[in-house]
Amino acid sequence: MPEPRASTLPSASPIRREPFVAAFGRYLRLQSHGNRVLGLMLAFLHAAIVWGQGQAWGQAVVLAHYGLFLLWQPFFSGQQNLPWLRALGVLAVGVALAFLENIWTAALWAVLLAGLLGGVAVGVKPFRERVGLWLAVLYLLLLLFTWMLPLGFGLPVLDGGQPAFLRDGLLLLPLTLALFPAPRLARSAGVLDLLYTLLFVLVIGVLALGSYTAMQLTHTDYAHGVLISLGTLMVSLLIIAWLWQPRGEASGLRHLFSRYVLSLGLPLEEWLKELSDSAEREPDPDVFLRSAMAGFTHLPWSTGVTWRTEYARGDLGTPSRHAVAFAHEGVEVTFYTDAPVNPAFALHLRLLTEIIGYFHAAKTRERAMQANAYTQAIYETGSRLTHDVKNLLQSLKTLCSAAEHSRPEQAMSLQMLMQRQLPQIAKRLEITLDKLKSPEKAADRREILAREWWRNLKNRYARDNLNFEIDDADTLLWLPQELFESVADNLIQNALRKRVGQPDVAIRVELRTLPVPSLIVCDTGPAAPPEVMEKLFHAPVSTHDGLGIGLYQAAKQARGLGYGLELSRNNDGEVCFILWQEML
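Heads up: the sequence shown begins at -4 in my numbering, then just goes up one per residue.
None of these hints come from the bench; they were simulated from the model.
One or more hints might be untrue.
Straight-line distance between alpha carbons at most 30 Å, and here's what the computed DSS-like set of lysine-lysine pairs gives [as the list claims (entries may be wrong)]: (1) K358 with K453; (2) K392 with K358; (3) K453 with K392; (4) K493 with K551; (5) K392 with K268; (6) K551 with K530; (7) K453 with K422; (8) K422 with K392; (9) K422 with K358; (10) K493 with K453; (11) K358 with K268; (12) K358 with K551.
Pairwise CB distance ranges (calculated) [stated by the list, open to error]: (13) G568 with E275: 54 to 62 Å; (14) W237 with P176: 17 to 25 Å; (15) L212 with A341: 19 to 27 Å; (16) W237 with H214: 27 to 35 Å; (17) W239 with S271: 26 to 34 Å; (18) M578 with R441: 20 to 28 Å; (19) A320 with T171: 45 to 53 Å; (20) M578 with S396: 36 to 44 Å.
From the three backbone atoms N, C-alpha and C, an ideal C-beta is built for every residue, glycine too.
Using the sequences and the accompanying hints, generate a full structural model.
In structure tokens, the structure reads:
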């Protein structure tokens, strides 16, 4: 039995029925033929209102005009699926235009069209594209004031052939739209400026109704009424324009209007002041967040607010069925209101949420930096105390070595050495323990006579074969004891480590009292490598033979007491460090 052949018919997939408006819109390529559709739409409006008023075929032309308007409209794309309620509203407008055979309905539609076209023209940047839209606005205004309003006011509009010729000659304006490039209306980008549209509609409505009012009050004809209304409106607009931004130092209505828009529904200036006060007063980010949210509960439109961060959450007030939520920098805020939030007010709330998020993130980073600074202080204090303990241990080892290798006849000298060194070691150990108890304490400013400190230093390193030199000009000078002992021990121990591989390294220690107190330690060992020089005194250096974190801590301690520490010479056979008091 032969196998069935594959069918060449298309598969029975569900057929996608696209709206007729979308299919026809793609057929016309509205992006490149928008002005032609607009011109045809205006021509159908002219035919329906002027020639087909009160006739059945005129109603059909009105429906055709409305269909072309739906193809051209800048609100939503032709491929967009509209909800049922919005689709019913669109159909209701078309039915009202077709079956309400009233000149005032047509006039209202013309006013709305003129305002819509003006609002679109304001947002179009290319000049030629903008000119085409303004020609359409001009046509609608001329049709409104030369035909619709006289009919609505019950005035004669056709006294002969010339007015009809002028009236029908207005069709030249829609026909000339084909000569201008069509504006590319990005429907998804909000091309319509609603504020300008409302402004145009109101101005045209005031001009139309003002013409009738002026005609009745002055008992003149329609033309004079239009001129009076136009002149009054122009003078009013000029006054408003001057009040909007007057010359000189006056702020004008522009400044007041901007403040009103910024504070619409929310006292922005007061809330920002409370926010800044809370930011200065509350260092903890969670406490600050609760303080900032408390300001929303006092506003008339707010019923409650909830917030959530990575580590905390909270709520104030009572929830309602109207809510809007925003999130920024890890802060999620939900605002509960007594009425739905309009888009402009939602933009304000989003901005305020971003401000709160930035403040909260800044305080979170500040807390993290404080924790890092505390950890860094513990690390630096521990490193510094480690070096102090190592120096004390080295001194104890020196004393132990002296005790082990002393002969009976040296008992007296050994006893004198112990009497001199053990109290100094005990005192230095006491200072180290004090620093361990108070790591946040500033550098110790206890001072010692230069002569006494120099004698103690020579005694500590008497067995290390060092060359000690002093200018002996002002030995009654007082020195910061902890600083000089810490720097001297670090520099001498680093120099002594070089003797491990080179026993013949000579070490010289020099104390100068004039013109400023200075301590110089030189050795004849190898120079410090370039990678060590880059970080020396500025950051901890990872080494195996000294010059590591000890000098970094010593340099920080020296800067805190008004001293400087630097490597004055760095050559093979001549390496010198100097500690000196900086001149004020």
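Structure versus earlier hints - violations, ascending order: 1, 2, 5, 9, 14, 15
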